[in-house]
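> Residues per chain are reported as follows:
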Amino acid sequence: DAGITQSPRYKITETGRQVTLMCHQTWSHSYMFWYRQDLGHGLRLIYYSAAADITDKGEVPDGYVVSRSKTENFPLTLESATRSQTSVYFCASSHTGFVYEQYFGPGTRLTVT
Amino acid sequence: DAKTTQPNSMESNEEEPVHLPCNHSTISGTDYIHWYRQLPSQGPEYVIHGLTSNVNNRMASLAIAEDRKSSTLILHRATLRDAAVYYCILRDASGGSYIPTFGRGTSLIVHP
Numbered sequence: 001d002a003g004i005t006q007s008p009r010y011k012i013t014e015t016g017r018q019v020t021l022m023c024h025q026t027w028s029h030s031y032m033f034w035y036r037q038d039l040g041h042g043l044r045l046i047y048y049s050a051a052a053d054i055t056d057k058g059e060v061p062d063g064y065v066v067s068r069s070k071t072e073n074f075p076l077t078l079e080s081a082t083r084s085q086t087s088v089y090f091c092a093s094s095h096t097g098f099v100y101e102q103y104f105g106p107g108t109r110l111t112v113t
Numbered sequence: 001d002a003k004t005t006q007p008n009s010m011e012s013n014e015e016e017p018v019h020l021p022c023n024h025s026t027i028s029g030t031d032y033i034h035w036y037r038q039l040p041s042q043g044p045e046y047v048i049h050g051l052t053s054n055v056n057n058r059m060a061s062l063a064i065a066e067d068r069k070s071s072t073l074i075l076h077r078a079t080l081r082d083a084a085v086y087y088c089i090l091r092d093a094s095g096g097s098y099i100p101t102f103g104r105g106t107s108l109i110v111h112p
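Sequence lines, in order, name chains D and S. Going by the working numbering, the first residue of the first sequence is number 1, and it counts up by one from there. Going by the working numbering, the first residue of the second sequence is number 1, and it counts up by one from there.
These are calculated hints, taken from the structure and not from any lab test. Don't take each hint at face value.
[To be verified] The list that follows gives simulated cross-link-like pairs (lysine to any residue, SDA-like), each with its CA atoms no further than 20 Å apart:
#	chain 1	residue 1	chain 2	residue 2
1	S	K69	S	Q42
2	S	K3	S	M59
3	D	K70	D	I54
4	S	K3	D	G40
5	D	K11	S	K69
6	S	K3	D	H29
7	S	K3	S	G50
8	D	K70	D	R44
9	S	K3	D	K70
10	S	K3	D	I54
11	S	K3	S	R68
12	D	K11	S	Q42
13	S	K3	D	V60
14	D	K11	D	Y100
15	D	K57	D	H29
16	S	K3	D	V88
17	S	K69	S	R58
18	D	K57	S	L51
19	D	K70	D	A52
20	D	K57	S	G103
21	D	K70	D	K11
22	S	K3	D	A52
23	S	K69	S	R81
24	S	K3	D	G58
25	S	K3	S	T30
26	S	K3	D	K11
27	D	K57	S	D92
28	S	K3	D	E14
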């Protein structure tokens, strides 16, 4: 089925380790987004991408790295995980960026110990 | 940046209509009003959006004030499955680098 998937769904890692969260969409949407969700903060945009090889920072980009070599994939890397990065991470995609609806993945629950 | 204000929580009884308000007093002429909802343990899902006119779809209705400084999401008959956090956000159609802000949304509690 077409859609947007995230992997892994759950991840526990230690402080200082590198972690990569994967996001894959089958709609050929041009825009993709990464959000994090913490209790009391709602959803906060980390990075977004308008097309392959084009990425830009959101509200809370520090400590994260993204790349987009293919339209359908948008991995998010925590180069040296910290406890403050314990969160639920959502990937989303859309046809035309911010104006029209976004489709969200199921989320990855990351715990940094 | 235009932002929205929503009540933290609202309660409703099953099969009754629900009106979820959103204030966006600094909205610009090119901002679309979007609503999303997030069911427990799931990612947000799109509900409806509009610019100036009221909008209806299979999920809900969106009533937009004439001055566009507020809007109301209407669920015509609430069900237990409608218990979720509802987010009202603004999307800029002008092509600028506006970063959307989801905020905390309104937590809707539906009583059987």
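> Would you mind marking each hint as holding or not holding in the structure?
Hints, verified against the model:
1. A C-alpha spacing of about 30 Å is found between S/K69 and S/Q42, which places the hinted pair above 20 Å, so the restraint is violated.
2. Proposed proximity of S/K3 and S/M59 is contradicted: the alpha carbons are some 24 Å apart, above 20 Å.
3. With a C-alpha separation of about 11 Å, the suggested pairing of D/K70 with D/I54 holds against the 20 Å cut-off.
4. Of the pairs offered as hints, the one joining S/K3 and D/G40 holds, with about 17 Å between alpha carbons and a cut-off of 20 Å not exceeded.
5. Taking the CA atoms of D/K11 and S/K69, the gap is about 42 Å. The hint is violated against a cut of 20 Å.
6. Between S/K3 and D/H29 the alpha-carbon distance is near 26 Å, which puts this suggested pair outside the 20 Å criterion.
7. Of the supplied pair hints, the one linking S/K3 and S/G50 holds, its CA atoms being roughly 16 Å apart against a limit of 20 Å.
8. Under the criterion of a C-alpha separation no larger than 20 Å, the hint pairing D/K70 with D/R44 is inconsistent with the structure, at around 24 Å.
9. Pair hint S/K3 plus D/K70 does not hold up; C-alpha atoms about 33 Å apart against a cutoff of 20 Å.
10. For a cut-off of 20 Å, the pair hint linking S/K3 to D/I54 is broken: about 26 Å separates their Cα positions.
11. Restraint check for S/K3 and S/R68: satisfied, since their Cα atoms lie roughly 13 Å apart, inside the 20 Å limit.
12. Straight-line distance between C-alpha atoms of D/K11 and S/Q42 comes to about 17 Å, which keeps the hinted pair within the 20 Å bound.
13. For the hint pairing S/K3 with D/V60, the CA-to-CA distance comes to about 17 Å; that is within 20 Å, so the pair holds.
14. As the CA atoms of D/K11 and D/Y100 are separated by approximately 31 Å, the hinted pair breaks the 20 Å bound.
15. As the CA atoms of D/K57 and D/H29 are separated by approximately 19 Å, the hinted pair is consistent with the 20 Å bound.
16. Of the supplied pair hints, the one linking S/K3 and D/V88 is violated, its CA atoms being roughly 23 Å apart against a limit of 20 Å.
17. The suggested pairing of S/K69 with S/R58 is violated, with an alpha-carbon distance near 25 Å, which exceeds 20 Å.
18. Restraint check: the Cα-Cα separation between D/K57 and S/L51 comes to about 27 Å, which exceeds 20 Å; the hinted pair is violated.
19. Taken as a hint, the D/K70 and D/A52 pair is honoured in the structure, with Cα atoms around 6 Å apart against an allowance of 20 Å.
20. The suggested pairing of D/K57 with S/G103 holds, with an alpha-carbon distance near 18 Å, which does not exceed 20 Å.
21. Restraint check: the Cα-Cα separation between D/K70 and D/K11 comes to about 24 Å, which exceeds 20 Å; the hinted pair is violated.
22. For a cut-off of 20 Å, the pair hint linking S/K3 to D/A52 is broken: about 30 Å separates their Cα positions.
23. Between S/K69 and S/R81 the alpha-carbon distance is near 29 Å, which puts this suggested pair outside the 20 Å criterion.
24. The straight-line distance between the Cα atoms of S/K3 and D/G58 is roughly 16 Å, inside the 20 Å bound, and the hint therefore holds.
25. As the CA atoms of S/K3 and S/T30 are separated by approximately 14 Å, the hinted pair is consistent with the 20 Å bound.
26. Of the supplied pair hints, the one linking S/K3 and D/K11 is violated, its CA atoms being roughly 33 Å apart against a limit of 20 Å.
27. The suggested pairing of D/K57 with S/D92 holds, with an alpha-carbon distance near 17 Å, which does not exceed 20 Å.
28. Distance check on the hinted pair: S/K3 and D/E14 sit about 36 Å apart at the alpha-carbon level, beyond 20 Å; violated.
Checked against the numbered hints above, the structure breaks hints 1, 2, 5, 6, 8, 9, 10, 14, 16, 17, 18, 21, 22, 23, 26 and 28 and satisfies the rest.
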